[in-house]
Amino acid sequence: MRWFFLILFAIAVMLAVGIGPRGEKFTKPPLYVFPDMDWQYKLKFQKPSDFFADGQGARRPVDGTIPLGYDLPLTEDDFPVGDTYYRTGLFGDFYGDGMPDAVAVDEKLLMRGKERYQIYCTACHGTSGNGQGVVSKYWQIPPTANLLDPRVAGLPDGQIFWTITHGKGLMGPYNGAVPIEDRWAITAYVRVLQGAAAAK
Amino acid sequence: MGNIFPRWLNFLPLQVLIALGGVGTLIVAVIWYSFTPKYTRVGYEPQQPIPFDHSLHAGQLGMDCRYCHSNVEESSHSNIPNAQVCWNCHGPGKVKSDSPKLAVLRQAMDTNSDGYTGEPIRWVQIHETPDYAYFNHSAHVNRGVSCVECHGKVNEMAVVSHQKPLSMGFCLDCHRNPESRLRPIDEITNLDWTAHDLDRDEFYAYLAGKTGKSADELKAEGPEKIDQEALGAYLKDAWNIHPPQDCAACHR
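From first to last, the protein sequence lines stand for chains P and R. To convert, note that position 178 of the first sequence is 178 in the working numbering; the numbers rise steadily by one, no gaps. To convert, note that position 104 of the second sequence is 1104 in the working numbering; the numbers rise steadily by one, no gaps.
If you're looking for bench data, these hints aren't it; they were derived computationally from the structure. Be aware that a few hints might be false.
[Stated by the list, open to error] Computed far set for chain P versus chain R, every beta-carbon distance over 12 Å:
hint, residue
1, 20
2, 50
3, 68
4, 93
[What the hints assert, rightly or not] List of simulated lysine-lysine pairs, DSS-like, C-alpha gap at most 27 Å:
hint, chain 1, residue 1, chain 2, residue 2
5, P, 25, R, 1164
6, P, 28, P, 108
7, P, 47, R, 1164
8, R, 1236, R, 1225
9, R, 1164, P, 44
10, R, 1213, P, 108
11, P, 114, R, 1038
12, P, 137, P, 44
Ideal placement from N, C-alpha and C gives every residue a C-beta, glycine not left out.
Produce the entire structure from the sequences given, and follow the hints as far as they go.
Now the structure itself:
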């Protein structure tokens, strides 16, 4: 009996050492104790799928169609109906000025613009828009555009919208992350920043 | 008839019982301790294709979570950013564009790099609910639940690891008692925020903006000290928050 307990104790110690405390860092995929129905054969966000030939779970819309609730494509050639200025910032080949009819400039829009500006733009252009954001110091090829510069203040609204959409120079396009409405909201907020700087 | 069985054999059944009890206790202890997400998942920290550092990007550079996880407010799913998002800063002529750590990114984005594939970066998913449970980010993030409640202090992690069990018990703990976790919507992605950061005057001014009453009126009737419970109870009431507890809410 004594031996039995000694051995049991030894096993317990070995198990305790083997299991270790909760919350230890590990890199192997975790153990699923009862894996029933944990992984169902269905499409999931940002996951590959072996059902489709290209191996991607995410599907493109069928050619010539637009899913409900999605932004329309960017150029008039792609889809020549609706308010193209709202979608492109362009009238024909020229940058338009002023806000499109679909966007009402009110406090709500400006608050939204401020929030979105601080999420997507401050890293490089700085909170005040002066081009001195934290990240701008790290760029190999400076400088980051100063949005308060009279040159930028003189640009038409449509061009600012277009620049957010497509990027310019070293700045990347933000049409993926920022939906059209928010791009107009940011444009409006940039005008506020410029106004505040000019008033000083 | 002599004694066929020796005397010690009388104790055998008892000994067997004790032994089984000992072994049983050990098995139960092992299962109790380690067959729970608290053990199986917490601390999971897979090797990622690029050693991406949240403590640098979200902590030191102060980037908002939504710069990269841009769908989190609109969608049930919080997206991992695509390579273009990294390319905004790590493209040619920008930040550390030829760092060896970013080789995988260049293979995905830079047509001139050697080994260009154009394939998406294969990040390894860390937090994952089983497919039979339904989870929705936007339902939480727009109702005052911060990322930190379910993911820990990501802004201090050099490598993201699983910090909370995300088991059913964990979900329900909060659904039964959300007061201790709610905060103003503007502070959702500010993981270091605590209710103590709220100045009393500021708090009532904030509330006054959200309700019809003036800051002074609210101050007179509101709690003396602004702590998490007072704030949470207030927000729960004001936003009419009732996290579901019925099975069909999550197992639909």
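Now for the hints, and whether the structure bears them out:
1. 20: 9 Å, violated
2. 50: Holds, since 15 Å exceeds 12 Å.
3. 68: With a cut-off of 12 Å, residue 68/P remains clear of chain R, as the shortest Cβ separation is near 15 Å.
4. 93: 26 Å, holds
5. 25/P / 1164/R: 13 Å, holds
6. 28/P / 108/P: 47 Å, violated
7. 47/P / 1164/R: Roughly 23 Å separates the two Cα atoms, so the pair holds.
8. 1236/R / 1225/R: Holds: residue 1236/R and residue 1225/R sit about 17 Å apart, inside 27 Å.
9. 1164/R / 44/P: Given pair residue 1164/R, residue 44/P holds - Cα atoms ~23 Å apart, limit 27 Å.
10. 1213/R / 108/P: 20 Å, holds
11. 114/P / 1038/R: 40 Å, violated
12. 137/P / 44/P: 39 Å, violated
Hint check: violations occur at hints 1, 6, 11, 12; the rest are consistent with the structure.
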